[in-house]
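S.K.: Residues per chain are reported as follows:
Protein chains: 2
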Amino acid sequence: MIIPIRLESSTVRGYNVTIDRLPKLSFDRKVVVVTNHTVAEFHLDTLLSKLNAKSLDIVTVKDGEEYKNLDTMIEILDELFSKQLDRKSLLIAFGGGVIGDMTGFTASIYQRGIDFIQIPTTLLAQVDASVGGKTGVNNRFGKNLIGAFYQPKAVYIDIDFLETLPKREFSAGMAELIKMSVMFDREFFEFLEEDTLSSKESLNRAIARSVELKAWVVNQDEKEAGIRAVLNYGHTFAHVIENETNYKKYLHGEAVAIGMVMANLLSYELGLISLDEVDRVKRILIKHNLPTTYKIKDIEGFYNKFFLDKKSSNSKIKFILANGIGNFEIRDNLPKEIILKVLSKFKGVK
Amino acid sequence: MIIPIRLESSTVRGYNVTIDRLPKLSFDRKVVVVTNHTVAEFHLDTLLSKLNAKSLDIVTVKDGEEYKNLDTMIEILDELFSKQLDRKSLLIAFGGGVIGDMTGFTASIYQRGIDFIQIPTTLLAQVDASVGGKTGVNNRFGKNLIGAFYQPKAVYIDIDFLETLPKREFSAGMAELIKMSVMFDREFFEFLEEDTLSSKESLNRAIARSVELKAWVVNQDEKEAGIRAVLNYGHTFAHVIENETNYKKYLHGEAVAIGMVMANLLSYELGLISLDEVDRVKRILIKHNLPTTYKIKDIEGFYNKFFLDKKSSNSKIKFILANGIGNFEIRDNLPKEIILKVLSKFKGVK
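Chains as they are written, first to last, in my numbering: chain A, 113 to 462; chain B, 113 to 462.
One or more of the hints may lead you astray.
[To be verified] Mimicking BS3-like on lysine-lysine, the simulated pairs with C-alpha atoms at most 30 Å apart in a straight line are: (1) Lys448(B) / Lys166(A); (2) Lys195(B) / Lys360(A); (3) Lys174(B) / Lys255(A); (4) Lys195(B) / Lys428(A); (5) Lys448(A) / Lys200(B); (6) Lys195(B) / Lys200(A); (7) Lys195(A) / Lys417(B); (8) Lys255(B) / Lys166(A); (9) Lys200(B) / Lys335(A); (10) Lys417(A) / Lys428(B); (11) Lys200(A) / Lys417(B); (12) Lys399(B) / Lys279(B); (13) Lys200(A) / Lys166(B); (14) Lys265(B) / Lys195(A); (15) Lys430(B) / Lys200(A); (16) Lys430(A) / Lys166(B); (17) Lys335(A) / Lys335(B); (18) Lys430(A) / Lys195(B); (19) Lys430(B) / Lys265(A); (20) Lys195(A) / Lys166(B); (21) Lys195(B) / Lys417(A); (22) Lys174(B) / Lys166(A); (23) Lys200(B) / Lys255(A); (24) Lys335(B) / Lys265(A); (25) Lys417(A) / Lys361(A); (26) Lys255(A) / Lys265(B); (27) Lys448(B) / Lys200(A); (28) Lys448(A) / Lys195(B); (29) Lys166(B) / Lys417(A); (30) Lys265(B) / Lys430(A); (31) Lys453(B) / Lys394(B); (32) Lys166(A) / Lys453(B).
To be clear, the hints were calculated from the coordinates, so they are not data collected in a lab.
My request is simple: use the sequences and hints to build the entire structure.
M.R.: Now the structure itself:
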């Protein structure tokens with residue numbers, strides 16, 4: 113299945129996301145694959161058996177979000193310059209979101225921009241990071257604070273790479289997939305409720321629908337001036353949870369799962385969603401082994417941390433809410449009391 | 113005088129280059145001025161007397177091409193994060209090309225891109241670096257090897273800032289201006305032959321014409337896939353000269369002046385230009401105190417250094433030549449012998 117991504121506002125005309133077995137790829141130019149040790153161990157042979165290029169080099173970085181920073185980028189850049197890559201060369205991001213974000217950002221600044229393609233090997237990267245062109249790295253001030261909007265030339269999604277993915281990481285990817293259904297597509301949500309995604313067909317179908325929805329959003333709003341903010345459903349809460357737990361206790365998708373439950377309770381307070389619907393979302397998260405609760409020790413402190421988020425400007429917090437399952441609602445003028453009321457429901461939990 | 117820059121292929125719709133006294137500027141957002149110590153000493157008071165912003169900070173970096181690197185950028189980025197600049201904040205590049213290139217690149221990657229404006233204070237930056245959106249820094253592998261194509265929101269050119277500019281630097285800026293006339297506009301060249309540019313009117317007129325020509329080129333080819341390469345007239349030779357002299361003996365514009373003479377002699381060998389025209393270009397360069405010759409010690413070595421230039425791919429060297437004064441010609445399949453013949457004319461000179 114091929115999903116064309118059209119970006120009308122962008123300097124690139126668009127690109128294709130191919131969801132299928134990885135095809136044979138031939139390039140009449142220098143190619144460098146950027147990956148990490150874990151992915152390389154499991155899958156590099158498979159990739160190399162499909163790749164043909166004028167010259168082919170591998171740059172392997174350490175595995176983990178803690179290496180997603182400018183220091184690692186400078187190491188990658190130095191390798192590219194040592195290998196004398198020119199403006200017509202190509203990078204291949206082969207790994208999860210960290211590899212995709214760093215490789216894309218590196219491609220965007222190497223000699224003011226060279227081509228790159230994405231071959232994501234985690235569910236999260238397949239449904240989320242590989243579409244949309246957000247690239248970047250973390251620094252001591254926060255996550256993804258340095259980066260660029262830079263689109264790949266192509267994305268290849270092959271679910272066979274997910275066979276070696278730890279179950280917990282698979283679930284974290286599911287959180288983003290579920291998020292898309294709650295925000296945009298009730299029918300897709302109902303499909304996810306009924307199906308276990310244990311067959312390759314249904315998993316491919318779910319990924320394809322999620323990518324389609326994301327492409328539809330990004331096409332309308334590449335630079336996050338409007339509707340793209342809806343992709344942050346659950347994230348406003350998740351960022352505080354991740355911050356409070358030093359990015360150690362939860363995977364990003366897990367924090368988003370909890371954040372979606374919090375956002376839904378806020379929707380319920382505003383009369384946008386029924387308690388039955390709040391429960392349906394919760395059940396689907398639990399089905400995929402995702403956490404749905406979190407003990408807030410300091411309600412006021414949790415609230416204040418909303419304002420540290422880079423996505424807010426002029427101290428107005430934008431809440432992305434479900435307006436029933438399958439529809440979104442953006443609110444940026446909510447009274448503090450209502451938010452505190454919702455947060456206080458998480459004070460007593462374990 | 114306002115020159116609108118339209119960039120049809122770009123994500124920005126375009127921007128204006130204003131050539132006039134610097135107007136009063138008011139911004140309802142956080143503003144950070146990036147400058148260096150030298151410019152700050154002479155002109156910061158003038159700038160601050162014209163600026164009004166929600167908050168205003170100054171980041172001052174060291175003066176010189178040797179500080180145009182990722183280390184300095186990281187310092188600037190750290191300052192911006194410390195001052196909690198958000199996505200709606202604005203950077204102002206206040207200085208020469210080094211400041212403009214670094215500030216533009218910083219703006220392009222700070223939270224994936226914030227606005228910046230250019231207030232260039234050297235002639236070179238006014239006619240060259242401030243239009244076209246090339247930003248970047250150097251590294252140990254070469255010049256401008258890391259960067260982005262990123263357009264400013266506005267450019268303000270005020271020739272009063274040039275009053276404190278060393279004469280030698282003014283001349284170096286003239287080299288780029290003369291370059292534009294030789295490549296694109298015979299009438300402009302004749303104006304430069306006759307006028308000394310000692311009045312403010314004629315200097316403004318010359319800058320405006322040069323900016324117009326550059327804007328016309330960039331609008332057709334933002335990413336240097338075609339005609340924009342013509343702006344590299346003289347540069348293929350200049351880069352080797354700068355490399356051989358360790359970037360110390362000549363200012364960039366001075367090396368370009370020599371490079372234009374070399375390119376013209378190559379044009380003459382190919383029958384594209386007369387010796388009289390070669391001399392006319394030389395005279396105008398001399399009138400502005402620019403060097404027009406350079407002693408090549410090792411002809412073969414000089415030739416081989418063409419291939420180190422990042423602008424060449426697949427080992428084909430693109431020569432940008434004058435086809436008579438006012439017209440360009442691009443050649444990428446010249447026999448080595450002809451080039452060596454031209455270079456050998458510079459073997460005996462002092």
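S.K.: Confirm or reject each hint.
M.R.: Results of checking the hints against the structure:
no., hint, in the structure
1, Lys448(B) / Lys166(A), "holds (26 Å)"
2, Lys195(B) / Lys360(A), "holds (27 Å)"
3, Lys174(B) / Lys255(A), "holds (29 Å)"
4, Lys195(B) / Lys428(A), "holds (18 Å)"
5, Lys448(A) / Lys200(B), "holds (24 Å)"
6, Lys195(B) / Lys200(A), "violated (38 Å)"
7, Lys195(A) / Lys417(B), "holds (17 Å)"
8, Lys255(B) / Lys166(A), "holds (26 Å)"
9, Lys200(B) / Lys335(A), "holds (13 Å)"
10, Lys417(A) / Lys428(B), "violated (56 Å)"
11, Lys200(A) / Lys417(B), "holds (20 Å)"
12, Lys399(B) / Lys279(B), "holds (13 Å)"
13, Lys200(A) / Lys166(B), "violated (43 Å)"
14, Lys265(B) / Lys195(A), "violated (36 Å)"
15, Lys430(B) / Lys200(A), "holds (15 Å)"
16, Lys430(A) / Lys166(B), "holds (22 Å)"
17, Lys335(A) / Lys335(B), "holds (20 Å)"
18, Lys430(A) / Lys195(B), "holds (22 Å)"
19, Lys430(B) / Lys265(A), "holds (27 Å)"
20, Lys195(A) / Lys166(B), "violated (47 Å)"
21, Lys195(B) / Lys417(A), "holds (18 Å)"
22, Lys174(B) / Lys166(A), "violated (42 Å)"
23, Lys200(B) / Lys255(A), "holds (18 Å)"
24, Lys335(B) / Lys265(A), "holds (16 Å)"
25, Lys417(A) / Lys361(A), "holds (18 Å)"
26, Lys255(A) / Lys265(B), "holds (27 Å)"
27, Lys448(B) / Lys200(A), "holds (24 Å)"
28, Lys448(A) / Lys195(B), "holds (26 Å)"
29, Lys166(B) / Lys417(A), "holds (24 Å)"
30, Lys265(B) / Lys430(A), "holds (27 Å)"
31, Lys453(B) / Lys394(B), "holds (19 Å)"
32, Lys166(A) / Lys453(B), "violated (34 Å)"
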